[in-house]
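Here the protein sequences line up with chains A and B, keeping their order. Going from the first sequence to this note's numbering is simple: count from 1 and add 92. Going from the second sequence to this note's numbering is simple: count from 1 and add 5.
Keep in mind that the hints were calculated from the coordinates and are not lab data. Don't take each hint at face value.
As the list claims (entries may be wrong) - With a cut-off of at most 27 Å between alpha-carbon atoms, the simulated DSS-like pairs for lysine-lysine come out as follows:
| hint | chain 1 | residue 1 | chain 2 | residue 2 |
| --- | --- | --- | --- | --- |
| 1 | A | K402 | B | K290 |
| 2 | B | K62 | A | K198 |
| 3 | B | K99 | A | K704 |
| 4 | B | K262 | B | K54 |
| 5 | A | K402 | B | K199 |
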Amino acid sequence: MSAATLPRQESMEPQTQLASMTRPLLVILPFAILLLAASVLPDWAVQVPKGWTIPFVDWANTVIGHLRDDAIFGLFSFRDLTRGIAELITWPLAFVEGLLVAGFPKLGIAAMPWVMTAGLSGVLGWYLKDWRLGALAAGCVAYMAIFGKWELSMITLSVVLVAAPIAGLIGFGIGILAVKKQWFEALIVPLLNVLQSLPHFSYLIPIAVFIGVGHKAGTIATVIFAIPPMARLTILGLKGVAEEVREAGKMAGCTRFQTLWMVEIPAARQPLLVGVNQVIMQCLAMVVIASFVGARGLGHDLLFRLQALKIGQALESGVAIVLMAITLDQLSRAAAHKQPAHAATDATLLERFPFLAAALAVIAASLLLAAITPYAQAWPAELALSTAPFWDALVDWITLTLYDPLQYLRNAMLLYVLIPIRDLFQSIPWTAMVALVAAAGWSLGGLRLSLTVSGFVLFIAFAGYWERSLITAYMVTVAVLLCIAIGLPIGIWASRSERRTGIAKLLCDTFQTFPSFIYLIPVIMLFKVGDVAAISAIIIYAMIPIVRYTIFGLRNVPQEIVEAGITSGCTQRQLLWNIRMPLAFPEIMLGINQTIMFALFMVIIAAFIGTKDIGQEIFRALTFNDAGKGLVLGLCVAFMGLTADQLITAWATKRKQRLGLA
Amino acid sequence: MSKFTKSASMATIMAFAAGTAFAQDSTDVIKIPTHNWSSQIVGAHIVGKLLEKGGAKVEYVSADSQVVYTALCEGDVSLVHEVWEGAFGVAFQKVVKEGCVVDAATHDAKTREEWWYPTYVEEVCPGLPAWEALNACADKFATAETAPKGRFLGGPVDWLKHDAERVEALAMNFEVVNAGSSAALWAELESAFKRKEPIVLFNWTPNFVEALYDGKFVEFPAFDPKCKDDPAWGSNKELSYDCGNPKDGYLKIAAWKEFPTKWPKAYAILQKINFSNMDIAVQAKLADIDNMEPEAAADKWLADNEARWKAWLGSAS
Numbered sequence: 093m094s095a096a097t098l099p100r101q102e103s104m105e106p107q108t109q110l111a112s113m114t115r116p117l118l119v120i121l122p123f124a125i126l127l128l129a130a131s132v133l134p135d136w137a138v139q140v141p142k143g144w145t146i147p148f149v150d151w152a153n154t155v156i157g158h159l160r161d162d163a164i165f166g167l168f169s170f171r172d173l174t175r176g177i178a179e180l181i182t183w184p185l186a187f188v189e190g191l192l193v194a195g196f197p198k199l200g201i202a203a204m205p206w207v208m209t210a211g212l213s214g215v216l217g218w219y220l221k222d223w224r225l226g227a228l229a230a231g232c233v234a235y236m237a238i239f240g241k242w243e244l245s246m247i248t249l250s251v252v253l254v255a256a257p258i259a260g261l262i263g264f265g266i267g268i269l270a271v272k273k274q275w276f277e278a279l280i281v282p283l284l285n286v287l288q289s290l291p292h293f294s295y296l297i298p299i300a301v302f303i304g305v306g307h308k309a310g311t312i313a314t315v316i317f318a319i320p321p322m323a324r325l326t327i328l329g330l331k332g333v334a335e336e337v338r339e340a341g342k343m344a345g346c347t348r349f350q351t352l353w354m355v356e357i358p359a360a361r362q363p364l365l366v367g368v369n370q371v372i373m374q375c376l377a378m379v380v381i382a383s384f385v386g387a388r389g390l391g392h393d394l395l396f397r398l399q400a401l402k403i404g405q406a407l408e409s410g411v412a413i414v415l416m417a418i419t420l421d422q423l424s425r426a427a428a429h430k431q432p433a434h435a436a437t438d439a440t441l442l443e444r445f446p447f448l449a450a451a452l453a454v455i456a457a458s459l460l461l462a463a464i465t466p467y468a469q470a471w472p473a474e475l476a477l478s479t480a481p482f483w484d485a486l487v488d489w490i491t492l493t494l495y496d497p498l499q500y501l502r503n504a505m506l507l508y509v510l511i512p513i514r515d516l517f518q519s520i521p522w523t524a525m526v527a528l529v530a531a532a533g534w535s536l537g538g539l540r541l542s543l544t545v546s547g548f549v550l551f552i553a554f555a556g557y558w559e560r561s562l563i564t565a566y567m568v569t570v571a572v573l574l575c576i577a578i579g580l581p582i583g584i585w586a587s588r589s590e591r592r593t594g595i596a597k598l599l600c601d602t603f604q605t606f607p608s609f610i611y612l613i614p615v616i617m618l619f620k621v622g623d624v625a626a627i628s629a630i631i632i633y634a635m636i637p638i639v640r641y642t643i644f645g646l647r648n649v650p651q652e653i654v655e656a657g658i659t660s661g662c663t664q665r666q667l668l669w670n671i672r673m674p675l676a677f678p679e680i681m682l683g684i685n686q687t688i689m690f691a692l693f694m695v696i697i698a699a700f701i702g703t704k705d706i707g708q709e710i711f712r713a714l715t716f717n718d719a720g721k722g723l724v725l726g727l728c729v730a731f732m733g734l735t736a737d738q739l740i741t742a743w744a745t746k747r748k749q750r751l752g753l754a
Numbered sequence: 006m007s008k009f010t011k012s013a014s015m016a017t018i019m020a021f022a023a024g025t026a027f028a029q030d031s032t033d034v035i036k037i038p039t040h041n042w043s044s045q046i047v048g049a050h051i052v053g054k055l056l057e058k059g060g061a062k063v064e065y066v067s068a069d070s071q072v073v074y075t076a077l078c079e080g081d082v083s084l085v086h087e088v089w090e091g092a093f094g095v096a097f098q099k100v101v102k103e104g105c106v107v108d109a110a111t112h113d114a115k116t117r118e119e120w121w122y123p124t125y126v127e128e129v130c131p132g133l134p135a136w137e138a139l140n141a142c143a144d145k146f147a148t149a150e151t152a153p154k155g156r157f158l159g160g161p162v163d164w165l166k167h168d169a170e171r172v173e174a175l176a177m178n179f180e181v182v183n184a185g186s187s188a189a190l191w192a193e194l195e196s197a198f199k200r201k202e203p204i205v206l207f208n209w210t211p212n213f214v215e216a217l218y219d220g221k222f223v224e225f226p227a228f229d230p231k232c233k234d235d236p237a238w239g240s241n242k243e244l245s246y247d248c249g250n251p252k253d254g255y256l257k258i259a260a261w262k263e264f265p266t267k268w269p270k271a272y273a274i275l276q277k278i279n280f281s282n283m284d285i286a287v288q289a290k291l292a293d294i295d296n297m298e299p300e301a302a303a304d305k306w307l308a309d310n311e312a313r314w315k316a317w318l319g320s321a322s
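Could you build the full structure based on these sequences and the hints that come with them?
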């Protein structure tokens, strides 16, 4: 597509044209030769010989064993240290939980009545943006109470309210240090990359060893997952501060600390607040996974209901998580966009602090209400509404009506698409894969990129799980291709008007925050345990970024260029394919990059359905309490993601430069 | 180590309990894990309430049923009261061997894990539950990718069930497809049950599924320890696993290695606790069919079985 859409540019630069013809060929050629020659290649060049496996797993276990048992700090071990630190989190957790739901029985103080929580959320929304946001916030809180999810959702909310600030502060600190100290940035950025693409499940055993299980461990797991985005956005934000601003600070005689605190950080306020928003979303994405190591709340409830096949009730908990995510997302976004306001100095107290006054009024009114009627303190369980029967009926209807037609689709997919592709993938010699990745890296980013990405692939090959990695690669590849085939047209359609964009964004937000475990059950009911079910589950989740980025890319095409197209008499079709798409293409590629990341995340969760890939091995490591194996397998998945990420980012940057967009 | 603790728990505990009658339990909280299936959660609350009646302080910790053995080894949870031979036997034996977990007691409940089908399958496949009859109508269970062979939905691979070996040894017309979790098994069963589609899958008892769906286990040649190791045993002289699974797998209570010394009184109660198949089925029913909250279900069970648990507590104090 790219070659067809840029004839003009290529005719102007004959040399680039030659390069653009031969380069892809040079990248594919060694791979194609090795693949076709697989049958005549010696065995060692096709399958990684058992004897060549590097014992990464044993090394990892040795390190973990050492940290766990040996007193490396003189009197205590690393494990004692981490557990000691983890203990600290119980205090804020107990406090917030006491405030929101549990109360403080020792002091004889009850928890906040639900009307107070709802009212205060409303005031906060109003303060940050407008009365609509206030109504949304208050409404979502009321939903939790009226639909009988009060206790669970407030426990989950307190985990988020404790974990998010801690993760935010740590990430912020890491970011500042990385910006100020070159060596630290060189160390931390690759580490952040790996941490962000490591499957969540390979963390769980180390967390069980070094922190333990329980609510506190779940909260800490949440903190750990939420740190990387904050660190990244802090680095991005501080680096983006204009040099002029910094110099203005210097001229005003700022010390280094003052430059940081009073110049750079306020100037980077927006990206920092986007970071905070990402931290909160990450915390909510962890709700279900954290329950594997003992976090209480909605996540645990959801897994328990799913296990007992109470799909309706599980969905209800899922909806509560989505509502909480949407509310917190909107509130934190509003905070990011809010500009500091100043009241006139001669205003009355009420005029100067209208929101404080409103909050006080809410507190007084709700305490009064709670004293009059117990319904305002805690919504009675027998009056709780439930949408579960509706969801159950919906799932029933879908399985009964759609099952038969979908079977044709399933069988055709399996027999004519999936099984042939799987067989093809499994016949790829590892040498061919290394050759392909190395050549692609060389062509897109030179020797350095080539060495990095082939290093990733070599690690996967010699870690001893090559065949399983190929199955993971096959599922991710098929899923990503289908995501593009479905997501791209949706994105194009949605980018046509403001209203459609709004709808698509809302759907994307909902599907992204919906706990992905819920997709697993209906997908099995429709497609049976197997590759079709696993790939469908991956598609539902991984399609989100491609739709988002397509919309974003198409809508952000510079208006002048589009108008230039219209004046030269382009048809709608030409406008799309010859102007908008080529210009949006780098953005779309980044969307595909994200889609790959999402697919790699989901492919591991799809092991719950039943796969024969790395995900299954990670679960086995979980069963046998093998932390080292879990980590090494996790690294294999992370390196797959990073290989794709590095290549695509290099490509998109290059392309953007050629198009004059970057 | 494990031998030592086992014999200690088997034979000397009565003497131990009597001899240390003055020893006081630690005031530390006993942590009881809850997993994500109903009978276990109800049972955990029953165990917790009984230990509380014996004077202990307890706390419930939700933990994944696989991760929990790491936690038990570290002392982050103090006991696991539903150790299934089939699903968790391997993980349990590993931590017992490491010496950080003791085998505290064995329930009366016998667990059985086997190929299972819903009753309506008998209409299309006469002669069930004999495995030969199942094999004769294997094509009824075929799907596009397994045809002409039948499809058997097995449990997760890490449960080490040797289904594929059995299919080979008995020359069955089946292909084993492994689900990734028990939830996946139930989802497929639920879908097939609604459409009355023939299905044969891995199942076990005691289990909440028996309360929801009517069905039977397939009868394979009876299990014999030799069947596992000695190829000459059984109908196939060259291959092992030409038999069914044992019909009486254990259900155990595991405790952290320091439990017996830290909370001797509570440990004595723990060793008395004994659930039967009926108990587990009732616990599941209270939660899954009657939709009671786990705590209320535990209270109901305690109220209905007062004489039994009084005896467990009585002989311990």
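Verification of the supplied hints:
Taken as a hint, the K402/A and K290/B pair is honoured in the structure, with Cα atoms around 14 Å apart against an allowance of 27 Å. Restraint check for K62/B and K198/A: the C-alpha separation of about 17 Å stays at or below 27 Å, so the hint holds. Restraint check: the Cα-Cα separation between K99/B and K704/A comes to about 24 Å, which is no more than 27 Å; the hinted pair holds. For the hint linking K262/B to K54/B, the alpha-carbon distance of about 22 Å falls within 27 Å, and the restraint holds.
Distance hint between K402/A and K199/B is fulfilled; the C-alpha atoms sit about 15 Å from each other, no more than 27 Å.
Hint violations for this structure: none, all hints satisfied.
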